[in-house]
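Enquirer: Chains A, B, C and D supply the protein sequences, listed in that same order.
If you're matching positions, the first sequence starts at 1 in our numbering and goes up one per residue.
If you're matching positions, the second sequence starts at 1 in our numbering and goes up one per residue.
If you're matching positions, the third sequence starts at 1 in our numbering and goes up one per residue.
If you're matching positions, the fourth sequence starts at 1 in our numbering and goes up one per residue.
Since the hints were derived computationally from the structure, they do not count as laboratory data.
We put the beta carbon where it would ideally sit given N, CA and C, even for glycine.
Be a bit skeptical, because a hint or two may be false.
[What the hints assert, rightly or not] Far from chain D by the CB rule (all over 12 Å, computed), these chain A residues: (1) M1; (2) G23; (3) H24; (4) T31; (5) L57; (6) E79; (7) R111; (8) D112; (9) E143; (10) P147; (11) D209; (12) D231.
[Unchecked claim] List of simulated lysine-lysine pairs, DSS-like, C-alpha gap at most 30 Å: (13) B:K99 / D:K99; (14) D:K2 / D:K99; (15) A:K99 / C:K99.
4 protein chains.
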Amino acid sequence: MKIGVLGLGRMGGNIACRLMDSGHECVVYDTSAEAVRRITEAGGQGADSLAAMVEALPKPRTLWLMLPAGEVTENAIAELAPMLDAGDTLIDGGNANFKDDVRRARTLAERDIRYMDVGVSGGVWGRERGFCLMIGGEQDNAERLDPIFATLAPGTGDIESTPGRSETLDPRAEQGYLYCGPAGSGHFVKMVHNGIEYGMMAAYAEGFDILKNRTADFLPEDERFDLNLADIAEVWRRGSVISSWLLDLTSIALAEDQSLNEFTGEVSDSGEGRWTVNAAVEQAVPANVLSAALFARFRSRHTPSFGDKLQSAMRNQFGGHVETHND
Amino acid sequence: MKIGVLGLGRMGGNIACRLMDSGHECVVYDTSAEAVRRITEAGGQGADSLAAMVEALPKPRTLWLMLPAGEVTENAIAELAPMLDAGDTLIDGGNANFKDDVRRARTLAERDIRYMDVGVSGGVWGRERGFCLMIGGEQDNAERLDPIFATLAPGTGDIESTPGRSETLDPRAEQGYLYCGPAGSGHFVKMVHNGIEYGMMAAYAEGFDILKNRTADFLPEDERFDLNLADIAEVWRRGSVISSWLLDLTSIALAEDQSLNEFTGEVSDSGEGRWTVNAAVEQAVPANVLSAALFARFRSRHTPSFGDKLQSAMRNQFGGHVETHND
Amino acid sequence: MKIGVLGLGRMGGNIACRLMDSGHECVVYDTSAEAVRRITEAGGQGADSLAAMVEALPKPRTLWLMLPAGEVTENAIAELAPMLDAGDTLIDGGNANFKDDVRRARTLAERDIRYMDVGVSGGVWGRERGFCLMIGGEQDNAERLDPIFATLAPGTGDIESTPGRSETLDPRAEQGYLYCGPAGSGHFVKMVHNGIEYGMMAAYAEGFDILKNRTADFLPEDERFDLNLADIAEVWRRGSVISSWLLDLTSIALAEDQSLNEFTGEVSDSGEGRWTVNAAVEQAVPANVLSAALFARFRSRHTPSFGDKLQSAMRNQFGGHVETHND
Amino acid sequence: MKIGVLGLGRMGGNIACRLMDSGHECVVYDTSAEAVRRITEAGGQGADSLAAMVEALPKPRTLWLMLPAGEVTENAIAELAPMLDAGDTLIDGGNANFKDDVRRARTLAERDIRYMDVGVSGGVWGRERGFCLMIGGEQDNAERLDPIFATLAPGTGDIESTPGRSETLDPRAEQGYLYCGPAGSGHFVKMVHNGIEYGMMAAYAEGFDILKNRTADFLPEDERFDLNLADIAEVWRRGSVISSWLLDLTSIALAEDQSLNEFTGEVSDSGEGRWTVNAAVEQAVPANVLSAALFARFRSRHTPSFGDKLQSAMRNQFGGHVETHND
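So here's chain A without its partners, still in its complex pose (with noise of 0.2 Å):
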């Protein structure tokens, strides 16, 4: 198929990369120059504007943005609508907020212009282990991009398949691309993702900070072990329950340098953490680990924070304690 792809920072170039090698034609765009020049040296069709872009697909059209969430993506589609007709199919791939979606499919709809969320998982590993996408919209549109999705997703590769799926579930989760639903549902999976992903990092780092702080020591002499981190990621790897891909780059990084000297410890995070607690708010589901996962992130930024000097002013008034490091 031939596609537009908008924005072609790390995740849109490996995206239009990973297309073109497969035989698909990639239209291609973005604010810098220089991006788009990487791109076209590597098959792909550069245009110098939006409006280029749009001329050089074939109708119906379809575009795929990959963009910075947010007022990024908001402008640039206002900006393609008025140039798109009636069947183009705008794709946002990046990050967006599902009711954001939402609110855009039932805007797009009026003009007939047809919306789809896709969440992308993979990182900058996704152009050579392929893309884990989540995908709303309708499903019509969904069918009909099958092969930009098929030639996206990892496919099976070696990954031994799952005993029991029945033939009533669908075999595209098997290549690693997956039709959730409507317009939304697409990026909510791939929030909860990225929720999960905040849980099982913190799960991680909690207990990897415990084997780290074993050495302290107030500590019996006898209970203090001195223990190899790097050892550990790499041995929990090999037959242990939580072997993960995420303990495979624990394993990485803590064999290159198991002090990890070289990190603040500053842990930024993205819309996807704090939406998935939003969305258990609004639901009502109970969520303490994704939650305390997320504040985690964010009390790693905000130190000292003023509730723990309030906390020190009470005890200072009820007890004339003095702040004291008694750890």
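Keeping the supplied structure of chain A fixed, place chains B, C and D upon it in accordance with the hints.
Expert: Frame of chain A; chains B, C and D shown alone:
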């Protein structure tokens, strides 16, 4: 009554003085001669050794230990026990782990020495305000020592009585002291008291942290508020659902300096908060709030944590994310 | 002053009565004629429609809305606004989301209608005890309405004044009402108040849960305690660090029946607890305690959760574990 | 090598069989003659008593205990120790608390009996997949027993090697077994492994709970999604950031029956999750995620909690709120 008080720090000294203010006699000892001198000037009978204190007390002797929990208290009991006679009573008014009380009571009972554990709340304000007492041990001994407990407790004061308290309930609770049950139960109740205290403090801390941070420039401009925290604490003392003694203290601290800049925010913790979490774990009772309050104290002294760095390292692996301060 | 009160439920009725008790005049309206009748009997001037209430008020009019938050309040404002003149004031005393206040103030300002948001704490005890008021809107309007606020607030009563409050602080805080800042800030402060309330309630709940479950027969026999929770709540009211109004209520409830068997334990929540967590997320402020308190309420109504079943299913997969009740 | 295996439940039996499959000889004992018979049929040398097993082993003897942690293991060690000679080795492959290992190693060393603690992960799949081993004890003993450990471990298999592992790291980690350090360290590492496992399971559980509950009719109609959880689990196995062995199991379970209606949702817990939280508390390391995961298991078996009822009781006091199911 005539009673020995061992350990004349802030709490022990106040206890001796409150007893003597009401006509009890105190034989006092401390490893600091200066501390002893201070209480003898207030009317106490000073002793220059444990043995001298024991000697000076009428049989059956009653000794109130007000020492740092753990080794210091253990050593004092080990040293005292051989000097005591059957029927004498040792009271630990410090912050012992209730499991230590159970063990000590069992051991001392072999020599017919009686043991009581008394959890004491009230902090530095207790001499004037009275101490809230939670008492464990043998019931007949608690009755024998009632004059001591009644003196130390705050009494009804001007606190309204609770409607509907039936005659089956213990009238001493309204005086601010309570016989809780067998050895260990006094400190168990005190331990949970402190666990709750941590939870309440953290609830206020988080709330004020949210109020404080409502000026951030990434918020919509008309949704930023520059709030006066001292006034908010004060108004909440008056008719709100969350009025409390801890809020009274908060209001004092914020009235002094609502920036709290003199505090580093490193919040110490004593054993009770930890033991409360351990008890919850032992009993299989969920305690998300009490443990979060404890962990926030740990976190305040543990910055940046190794776990934070590990999360940064994983993110660097999977996304090439660099650390940024994005709040 | 003469003021309209719209919504005569428990809170609105008490507000009207407390105003009239102090000599203010109230024009009152409710969709329930019975509710209107009750307040007219207490001295109010009844109206049989919104229009009639508006008509009966002197200009510039002041109307206090005390309606369920959300749609009901939104509809009432939408219906009222066209009947009002420039300079009239709408006060929302319900539990609006502060973002709705900001929007409403902006919209109403286009027609020179003034908007105030007043967070009200005090529950059913407020008529007698007074209401703690947190006020947002234009400052000059807050001053104009000072007689109303001063009447509703509890006043200093016999609550001790906070030492060290300087003259730069607002003396009204000591009367139990506070001008917090522009539109939305009153409900924002009230929202955080409720968030803290959830946290405190959960802290007590977890603590009493630990006390309650200290009789389990898997515990060592001499470490089991059969504690009197009613007496413990009572003794903690007297001189302890965790005395509070919520503890007063706890003591009343436990004095009535310390088994609490009449309660199912399904704990409802209103919007403020949720919005507090959303605000923490929006502001990137960690709020582990407040969110845990909220999630515990969700969890109390969500039993067994699908997540619980999923954990059982995973355990069944990896270990052939069958579900057992092992606490 | 020739080794004794004591305790022939699922794990012990699989360990004996995997050893014999690779040419090691096993003398086996269990209190169940039937269990012994099953392994002798598979090639093991049965013993009808502890003494007979000890007798049948060449000196220095090596005995692998695979018994329920706690009393059963303690009793077996107490009974065995007097039958052993200096230089013999006891291996505890069960789930002991690492503090028990430290104590036992100290006690047995007095009689020159050597002790090793081996944390074993892999569940029922281990005979085929291999067991991930975390080994504590004396290093020379671990080297001596290397043939045993190498056989039980999964080996490198088709798991990719971690780039950048230097020669200073232990090559055995890549084979799936690791010498962690002195006595106790093996079970300590295994304990933290299980703590992380609880955290990961809870992260998935909360995420799927949010996905599951996206059909609630209080949500906006176009924001409700009826998602296929079996397909989502499957697609996440393929190229997503959160792929893991636990997710593989989740996908199997959901493929069988995505309602999970056959499960009650009462999630058991074994000691390691609790000990991990206790270790975090002892070490003053924050562990909000791991403790939330543990408490969620408690909560799943504790419904409604007394704490829930207490919150209802307080709300009834202050607001006359009646319990309603408002989600």
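Enquirer: Holds or violated: is the Cβ of P147 of chain A farther than 12 Å from all Cβ atoms of chain D?
Expert: Non-interface label stands for P147 of chain A: nearest chain D Cβ at 18 Å, farther than 12 Å.
Enquirer: Does T31 of chain A sit more than 12 Å from chain D, CB to CB?
Expert: Holds: least Cβ distance 28 Å, greater than 12 Å.
Enquirer: If you draw a straight line from the CA of K2 of chain D to the CA of K99 of chain D, is it 30 Å or shorter?
Expert: Holds, at roughly 29 Å.
Enquirer: Check the non-interface label on H24 of chain A: least C-beta distance to chain D beyond 12 Å or not.
Expert: Holds: least Cβ distance 18 Å, greater than 12 Å.
Enquirer: Hey, is M1 of chain A genuinely clear of chain D, shortest beta carbon separation above 12 Å?
Expert: About 21 Å separates M1 of chain A from the closest Cβ of chain D, which puts it past 12 Å; holds.
Enquirer: For the pair supplied as a hint, K99 of chain B and K99 of chain D, is the alpha-carbon distance within the 30 Å limit?
Expert: 18 Å, holds
Enquirer: Taking the minimum C-beta separation from L57 of chain A to chain D, is that value above 12 Å?
Expert: 27 Å, holds
Enquirer: Regarding the pair K99 of chain A and K99 of chain C, is the alpha-carbon distance no greater than 30 Å?
Expert: 18 Å, holds
Enquirer: So G23 of chain A supposedly isn't at the interface. Is its beta-carbon more than 12 Å from every beta-carbon in chain D?
Expert: Label holds. Min Cβ-Cβ 20 Å, cutoff 12 Å.
Enquirer: Does D209 of chain A really sit off the interface, with its C-beta more than 12 Å from all C-beta atoms of chain D?
Expert: 5 Å, violated
Enquirer: Measuring Cβ to Cβ, find out whether R111 of chain A lies farther than 12 Å from everything in chain D.
Expert: 18 Å, holds
Enquirer: Is the nearest CB of chain D more than 12 Å from the CB of E79 of chain A?
Expert: 25 Å, holds
Hint check: violations occur at hints 11, 12; the rest are consistent with the structure.
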